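*Asks:* Given next are the chains, with one letter for each unit.
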Amino acid sequence: MTALLEVEDLRVAYGKIEAVKGISFSVEAGQVVTLIGTNGAGKTTTLRTLSGLLEPLAGTIKFDGKPLKNVPAHKIVALGMAHSPEGRHIFPRMTIEDNLRLGAYLRDDKTGIEKDIQRAYDLFPILGERRKQAAGTLSGGEQQMLAMGRALMSQPKLLMLDEPSMGLSPIMMQKIMATITELKAQGTTILLVEQNAQAALSLADQGHVMEIGKIVLSGTGQDLLHDESVRKAYLGED
Amino acid sequence: MHELPQQLANGLILGAMYGLIAIGYTMVYGIVQLINFAHGEIFMVGGFGALTVFLALPSGFSLLAAIPLMIIGGVIVSVLVATAAERFAYRPLRNAPRLAPLITAIGLSLALQQAVWKWYPDAKKDRSFPQFDGAPFHVLGANIQRGDLFILIAAPVCMIALGFYVTKTRTGRGMQATAQDPDTAKLMGINTDRIIVMAFAIGAAFAAIAAVGYGLHNGQVGFRMGFIMGLKAFTAAVLGGIGNIYGAMLGGIVLGLAEALAVGYVGNIPSMELFGGGAWKDVWAFVLLIVVLLVRPQGLLGERVADRA
Chain X
-7 MTALLEVEDL
3 RVAYGKIEAV
13 KGISFSVEAG
23 QVVTLIGTNG
33 AGKTTTLRTL
43 SGLLEPLAGT
53 IKFDGKPLKN
63 VPAHKIVALG
73 MAHSPEGRHI
83 FPRMTIEDNL
93 RLGAYLRDDK
103 TGIEKDIQRA
113 YDLFPILGER
123 RKQAAGTLSG
133 GEQQMLAMGR
143 ALMSQPKLLM
153 LDEPSMGLSP
163 IMMQKIMATI
173 TELKAQGTTI
183 LLVEQNAQAA
193 LSLADQGHVM
203 EIGKIVLSGT
213 GQDLLHDESV
223 RKAYLGED
Chain A
7 MHELPQQLAN
17 GLILGAMYGL
27 IAIGYTMVYG
37 IVQLINFAHG
47 EIFMVGGFGA
57 LTVFLALPSG
67 FSLLAAIPLM
77 IIGGVIVSVL
87 VATAAERFAY
97 RPLRNAPRLA
107 PLITAIGLSL
117 ALQQAVWKWY
127 PDAKKDRSFP
137 QFDGAPFHVL
147 GANIQRGDLF
157 ILIAAPVCMI
167 ALGFYVTKTR
177 TGRGMQATAQ
187 DPDTAKLMGI
197 NTDRIIVMAF
207 AIGAAFAAIA
217 AVGYGLHNGQ
227 VGFRMGFIMG
237 LKAFTAAVLG
247 GIGNIYGAML
257 GGIVLGLAEA
267 LAVGYVGNIP
277 SMELFGGGAW
287 KDVWAFVLLI
297 VVLLVRPQGL
307 LGERVADRA
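Heads up: the protein sequence lines correspond to chains X and A, in order. Here my numbering is used: the first residue of the first sequence is -7, the next is one more, and so on. Here my numbering is used: the first residue of the second sequence is 7, the next is one more, and so on.
Keep in mind that the hints are not guaranteed to be accurate.
[As the list claims (entries may be wrong)] In silico EDC-like cross-links for lysine to aspartate or glutamate, where the CA-CA straight-line distance does not exceed 20 angstroms:
#1 A/K174 / X/E89
#2 A/K174 / X/D90
#3 X/K67 / A/D288
#4 A/K174 / X/E106
#5 X/K61 / A/D187
#6 A/K174 / X/D100
#7 X/K67 / A/D199
#8 X/K67 / A/D187
Just so you know, the hints here were simulated from the structure itself, not pulled from any lab data. Treat the numbers as computed from the prediction; the structure is a model and nothing was measured.
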């Protein structure tokens, strides 16, 4: 079986500063793969390069069998990759429902779109209650739900979530993680970037630890969760 | 000697022109944060495009029947120039420091003026524009020239069409998304390059329609006409809240009315006699801009930038 996403020796730079220094990993259909690491490790840069917002310096990205070389971001969405960006980036002056509709920008099946909007409301009932409200008025956690719901609206083959738990209260964070677990159970393929290593590793099939632009450790979620160096560096244990 | 209804009518006609041109400034700014200082010249070439179509028609062709063709001609010329400017002048500079596209816009503005001056037949002097014959209409105590009906009808029609386009069509919603957050718009599958071209094209089309109204109102078009009209329209866009399409039209109308009223009445105020009359209307327009920016820096309908975080 070939992987849905294959990244080989990817390098990305901002000007002269190399943020990602040659990383390789893959995501198989149905898997949840997580990239963990501290601030500045290159996780967000990696996701932004995968979705076409940044251009790689070198290396190859293969998605669903196709190499993504010089493919602009809006066409990568059409291929089936959805990216819920760091900091949520919902459209603040649009309603919740319009935000969800924008997630389905490339789709033409009206009834399917309505059904998926309903599905997002089932997944996150609070969004349904506030559907006509400007998205900027939502709390951080609710905005995160909206960003995830919006990403799902394109019916992606791969869902990329960048720091979905960032800045959330513990209760809200649990809710988001429970939703990711639910999406996993439904068979959604997910690439999850997190600073909250404990939560991310406990639900991931595969995990990669990134440090200053490199993958320094890889393994199954459970292996990494019990790895001594990971426990020391990321889970705050002595 | 001037009566209030007449001043209001004059202001409305002028304001409708400012507003239509201001749409182009505000849409482009809203999406790429560029002040397209060549937009006044986009307006100007639209006027010449419309004139060219009129001159090409057989004599005896009625002006009323010619108007739609003149609009089409003007719109085509303006849209071609504006989209070419976007593609070849502004797009390569999209990630350059802000000053680079701004200087490019000023250079383009001069180049377009000079190109028309040099190559359009007899454009070294103002060219006369066709006029509607017949007595003016009397509306609520004001005389409205037949040709001015054009802009008074075109402006609201354009605004309603634009409002529908932006809120109800897919590309229009893509435009709103791109204005709010371009990178995230790309993640939705929106081709933001195409959206930017559309913003330039719509702005150019509206400017060309305004240019037809300008020609009918003034009876002439000239290579310099884009300078002061462009500056006023830019003022209108800022006045209304740059980035907001309804603000642009509101700003245009407010500016037009303010100018007309200043021309008519400032001279009647004791000790202000010196500042009345047409020669001072530009001054009053910019005084209004300064006052509004002092009291409401975001413009009449603008949103505070902090809301955008």
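*Asks:* So, for every hint listed, does it hold in this structure?
*Replies:* Right, here's what the structure says about each hint:
1. A/K174 / X/E89: 14 angstroms, holds
2. A/K174 / X/D90: Holds - the C-alpha atoms of X/D90 and A/K174 are around 11 angstroms apart, at most 20 angstroms.
3. X/K67 / A/D288: 48 angstroms, violated
4. A/K174 / X/E106: 16 angstroms, holds
5. X/K61 / A/D187: 24 angstroms, violated
6. A/K174 / X/D100: Between A/K174 and X/D100 the Cα gap is close to 15 angstroms, so the pair holds against 20 angstroms.
7. X/K67 / A/D199: 12 angstroms, holds
8. X/K67 / A/D187: Measuring from Cα to Cα gives roughly 18 angstroms; hence the hint holds.
Against the hints set out earlier in the document, violations occur for numbers 3 and 5.
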